[in-house]
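Produce the entire structure from the sequences given, and follow the hints as far as they go.
Protein chains in written order, with our numbering: chain X, 1 to 611; chain R, 1 to 98; chain C, 1 to 114; chain F, 1 to 253.
Rather than coming from a laboratory, the hints here were simulated on the basis of the structure. Where a beta carbon is used, it is the ideal one built from N, C-alpha and C, also for glycine. Do not rely on the hints blindly, as some may be mistaken.
[What the hints assert, rightly or not] If you want the footprint, here are the derived chain R segments under chain C, 3+ residues with CB under 8 angstroms:
1. 47 to 57
2. 66 to 74
3. 81 to 94
[Claimed, not checked] Derived Cβ-Cβ restraints for the label pairs, each shown as a range:
4. X:V50 with F:Q5: 52 to 58 angstroms
5. C:P62 with X:R277: 48 to 54 angstroms
6. R:I49 with X:G66: 46 to 52 angstroms
7. X:P471 with F:A19: 56 to 62 angstroms
8. F:A48 with X:L49: 52 to 58 angstroms
9. X:C601 with C:F4: 25 to 31 angstroms
10. X:V491 with C:V7: 40 to 46 angstroms
11. F:V173 with X:R277: 57 to 63 angstroms
12. R:I49 with F:I119: 47 to 53 angstroms
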Amino acid sequence: MDQLPALAVVVPLLAAAAISALNPVLRRRRRVLDGAAIVTSAAVTVMLLVLLSRTAQGDVVYWFAGYRPSHRIAIGIDFAAGPLSTGLAALAALLITAAMVFSWRYFQRVGTYFHTLMLTFLAGMTGFCLTGDIFDLFVWFELMGVSAYALTAYRPEERGPLQGALNFAITNSVGAYLSLSGIALIYGRTGALNMAQIGQDIARHRPDGLVVVAFLLIIAGLLIKSAIVPFHFWLPDAHAVAPTPVCVLFSGVMVELGLYGIARVYWSMFGQALGHRTVITSAFVALGLLTAVVGALFCFRERHLKRLLAFSTISHAGMFLTGFALLTPLGLAGTALYVAGHALVKAGLFLCVGIVLHRLGSVNETALHGRGRRLRVTGVVFTLAAFGLSDLPPFATFLGKGWIEDSSSTQGLTWVIVVFVGCSVLIGGAVLRVAGGVFYGLGDPPGEEPEMAKEASEETSETGQGRNRTPLSMIVPAAVLVAAAIGLVFVPHLGPAVEAGAVRFEDQAAYNATVLSGVRVAHPVAVAPAGSTGITVADVATGVGSALGALVLAFLALYWRRLPVLRRGFEPGRGLARPLDRFQSGVVNDYVTWIVIGLACLGGALAFSIR
Amino acid sequence: MNGSHVVAVVTPYSVTPGLMDTLQVTILVLVALGAAAVVLTRVPARQAIVLSVYGLLLAILFLAFQAPDVTLSELTVGAVALPILLLLALAKVKRREK
Amino acid sequence: MQIFPFVVVVWILAMGLYGIVTSRHLVHLIVCLIVVQSSTYVLLLAVGYKTGAVAPYFSDVPNHTPAVDPVVQALALTDVVVEAAVTALLLAFAIQAHKRFGTLDPHELVQLKG
Amino acid sequence: MTPGQRRWVFGAGMAGLAAFLLWGLTGLPGFGNYPGPYGDIINRVAVAQTNATGVVSAINFSYRGFDTLGEEFILFVAASGMAIVLRHLRGEREYAPTDEAVDRHVPPTSEAIRMVALILTGPTVVMGWYLASHAQTSPSGGFQGGVVLATAFVLVYLAGRFLVFERISPVDVTDAVEALGAGGFAAVGIAAVAMGLPYLTNFLPRGTIPGAVSSSGTIALISFFVGVEVGAAFILIVGELLDQTLLLREGSG
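Next comes the structure, spelled out in structure tokens:
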């Protein structure tokens with residue numbers, strides 16, 4: 001009996017409870033508890049990696065309390081661990097471990113609550129990835145959410161607003177309740193909560209209003225969590241207030257988990273019923289590209305480092321959505337690899353920002369200009385990660401994005417590539433501009449603009465200031481993660497393995513058979529022709545092209561004042577600034593309004609196309 | 001299993017069907033009005049009381065939906081615990097304003 | 001009666017969202033969130049209801065008596081706990097925000113940023 | 001957006017969304033026609049399988065017990081999260097004690113309220129205990145019982161001063177009890193794993209009489225732990241909100 005799926009969720013929960021209970025006893029030796037938390041999450045990472053290796057022979061299905069389905073009807077809750085879901089959970093556990101190691105010396109006073117919450121966050125993410133039951137998905141989604149809200153507000157020395165945490169909690173709660181309504185709807189039709197069983201049931205008939213509405217409602221909460229435009233407004237606000245090690249998780253995996261949820265819900269429940277129509281591809285590719293462009297533009301004009309990286313996450317979320325909305329195995333495989341590469345690189349970037357904050361006491365690009373020269377190692381890691389974010393080979397990001405582009409060009413959507421490269425150039429340009437300005441003092445020093453000076457004085461220290469050394473526990477995790485993003489490409493047989501996982505993820509019939517009848521399907525039939533997963537010249541070319549473009553853009557951004565063509569006083573994008581800020585207003589009422597508008601539009605589009 | 005064999009099983013929670021329908025419609029209307037009242041009460045302290053009444057209405061509705069379990073938790077949480085939390089939070093906030 | 005409970009569900013949801021969108025007080029807004037969530041209980045229990053059936057307790061009635069769906073009730077119970085937890089956490093945030101800025105109006109909170 | 005604009009934009013969006021939702025809801029089988037099969041099957045087999053006559057509890061603590069585990073930890077996290085946000089607030093207070101409104105007049109609790117609260121405390125505790133321990137037979141269970149138990153502590157507060165409340169539920173102990181409740185639930189499940197069974201399997205003897213207090217194996221045990229967790233969590237939450245009001249009382253009375 002393979003107990004790993006259950007243990008991967010229960011062990012962090014038990015550890016969280018134990019740490020909380022032992023807190024009063026071990027108050028003087030708190031480091032013991034910190035260490036225990038790190039060991040727990042490292043152990044969970046190992047468990048999930050072992051489980052990942054076992055999924056090669058077919059999905060591992062686990063029925064809680066031994067309530068197995070009879071006559072293809074489930075009465076209990078199951079975990080269905082496939083390669084992609086387990087891989088994502090392992091990635092989450094890895095990032096949690098890295099973030100906790102980083103926090104060892106980061107907070108002046110790190111209470112045990114931080115570790116308790118990190119462990120429950122981990123349990124929520126693992127449960128969310130592995131579960132095969134739609135209501136259970138909601139429960140772990142909520143645990144993940146509530147832990148995340150509390151972690152956002154976890155900031156003992158911060159004077160800034162809690163508004164980011166409030167906006168985050170309110171918008172995501174609204175989303176969760178909409179998802180729950182969707183679950184109730186589909187339950188009213190099928191009388192089932194097991195995803196495979198629901199999928200099998202609704203695939204028998206033509207999709208009607210109920211199926212479409214339930215689909216949209218269920219993914220509503222997930223769209224909000226994954227920060228797809230126009231549901232994305234909470235994300236930069238939350239990133240601006242959350243402690244940096246927590247940002248690592250928000251950007252690295254939480255947003256991606258939302259997208260994973262959409263993919264899971266689509267391919268195990270609604271895919272067959274909705275018939276994989278091209279209109280679904282069009283709608284979600286459009287949404288993804290809109291998100292990618294909006295995120296990239298906001299990213300480039302941002303000067304607050306954490307918000308800048310948050311907007312880049314939004315842009316990437318859009319690209320991920322585009323990737324799997326192509327509904328091909330290659331697109332999904334590319335997305336999976338892109339998510340992994342992005343998570344490692346983005347986590348590295350956030351940890352470097354954390355070091356900058358720890359040493360220099362600010363996260364404002366203008367205020368930091370040239371002040372990072374002392375942080376040589378951090379500068380190198382940050383710059384490398386910045387190239388990784390602009391998809392330079394051999395970072396795993398370039399390969400993942402390359403596969404998505406290959407898949408879209410075989411479907412005749414060549415212009416997707418243009419948008420992707422454009423977004424990568426903008427994001428890479430923004431991050432490289434930061435690297436050049438902060439760590440190497442390139443470009444013109446910031447002018448004496450009152451607005452900038454005001455922003456610069458806005459200190460956002462989480463840790464106290466004036467540290468002279470970067471502790472090894474901070475720089476090593478960052479360096480390891482960035483190195484892993486390169487190393488991932490050289491894992492033997494990676495391409496075929498990921499694609500096999502993607503093919504299995506998209507084969508709903510095989511998933512149904514595995515869950516409901518206990519058949520292990522190792523090599524299912526691909527719904528769409530499989531593409532090549534090697535490294536092609538085109539992949540390398542677009543990757544190198546994006547990185548070069550980003551580099552050029554970064555230099556333009558640093559030195560544009562010296563260009564002879566431009567007159568003094570010219571401010572690119574000045575006129576756009578105000579209308580753009582009006583969207584990102586920080587008022588939660590606006591954000592909820594946008595959620596309603598977005599859902600109404602998306603619902604209308606789906607209603608008219610699927611009728 | 002078929003309902004035709006079972007004639008009007010009387011338990012503490014069952015009423016005759018016709019009466020049930022009327023009862024349910026009435027309470028549903030009251031709940032709908034209650035929701036509006038909660039939202040439109042803009043003074044938070046007063047709203048906590050209205051919320052308590054709304055929780056009570058929901059609890060009755062759930063009883064009419066044959067869900068005594070949910071009724072009990074809606075009573076303890078929705079009608080009692082949440083309004084208390086709200087009032088305590090408001091007291092805390094108000095004290096600062098003085 | 002066929003669809004009336006579901007219309008009420010949409011009404012409650014719409015009212016709650018309207019309250020959130022127009023709210024100028026965070027505590028009021030949190031209560032509106034509670035209203036939004038209450039629509040999910042009504043939906044869940046309405047979906048599992050069977051006309052003329054008894055509550056799913058078999059202490060006093062024989063085991064084959066038609067009873068309403070117990071699953072949605074279990075889900076609604078879980079949902080009530082989630083509501084209590086989220087509300088408590090949000091109230092704590094609101095208190096803290098008020099402590100720092102002396103206001104609970106979302107608009108004013110934004111202007112005080114930075 | 002200005003409030004006026006927002007109202008209009010929201011109105012338009014909500015009208016569209018409501019129409020869309022109603023379109024979906026008409027696809028339901030109609031009120032009162034629950035089609036099954038999940039609930040019907042469980043209604044048929046639950047009593048025989050679990051010896052619990054309350055099917056909802058059987059679902060919450062056995063068939064879908066894993067959901068309840070997640071739910072307990074949601075509450076656990078919420079209580080911890082509140083502690084993070086508000087205890088820190090208290091910490092700040094220590095540096096600036098003078099900024100608190102010491103001049104505010106707090107009316108002392110009337111004797112009548114104290115009496116009523118004191119009289120109610122005993123029955124409330126009994127009631128909470130009864131609810132938490134009869135999950136398998138009646139519409140009740142750890143959750144409702146826990147909340148009622150927590151209410152008893154609030155009554156104690158009303159009856160006396162917060163000091164008493166603190167003495168009865170010191171924060172550290174309550175913290176630990178809460179963790180034990182949540183952890184105990186998780187551990188009951190692990191015990192099954194140690195015996196080579198799937199997580200949360202009901203491994204205890206289930207008795208022979210359906211509905212007896214000692215029947216239903218782990219269902220009663222899990223319900224008990226849930227009661228402990230929920231009770232402690234609510235006491236913590238209320239305590240976090242109460243502490244400052246209390247300091248005032250001490251100052252004025």
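Quick rundown of the hints versus the structure:
1. Chain C is given as covering the region 47 to 57 of chain R, and this holds because 4 residues of the stretch bring a CB closer than 8 angstroms to a CB of that chain, at least three being needed.
2. With 7 residues carrying a beta carbon less than 8 angstroms from a beta carbon of chain C, the region 66 to 74 of chain R meets the three-residue requirement, and the given coverage holds.
3. For the region 81 to 94 of chain R, the assignment as covered by chain C holds, since 8 residues bring a beta-carbon within under 8 angstroms of that chain's beta-carbons and 3 suffice.
4. In this structure the hint that V50 of chain X and Q5 of chain F lie 52 to 58 angstroms apart at CB holds, the actual value being about 55 angstroms.
5. Between P62 of chain C and R277 of chain X the beta carbons are some 49 angstroms apart, a value that agrees with the proposed interval 48 to 54 angstroms.
6. Distance hint check for I49 of chain R and G66 of chain X: the Cβ-Cβ separation is about 48 angstroms, which falls inside the suggested range of 46 to 52 angstroms.
7. Checked against the given bound of 56 to 62 angstroms, the beta carbons of P471 of chain X and A19 of chain F, roughly 58 angstroms apart, stay inside it.
8. At roughly 41 angstroms, the beta-carbon separation of A48 of chain F and L49 of chain X lies outside the given 52 to 58 angstroms, and the hint is violated.
9. Take C601 of chain X and F4 of chain C: their Cβ atoms lie about 28 angstroms apart, and the range 25 to 31 angstroms holds.
10. A C-beta distance of roughly 55 angstroms is found between V491 of chain X and V7 of chain C, which places it outside the suggested range of 40 to 46 angstroms.
11. Hint check: V173 of chain F to R277 of chain X, Cβ distance near 59 angstroms, so the stated range 57 to 63 angstroms holds.
12. Look at I49 of chain R against I119 of chain F: about 24 angstroms separates their beta carbons, and that is not inside 47 to 53 angstroms.
In this structure, the earlier hints numbered 8, 10 and 12 are contradicted, and the remaining ones agree with it.
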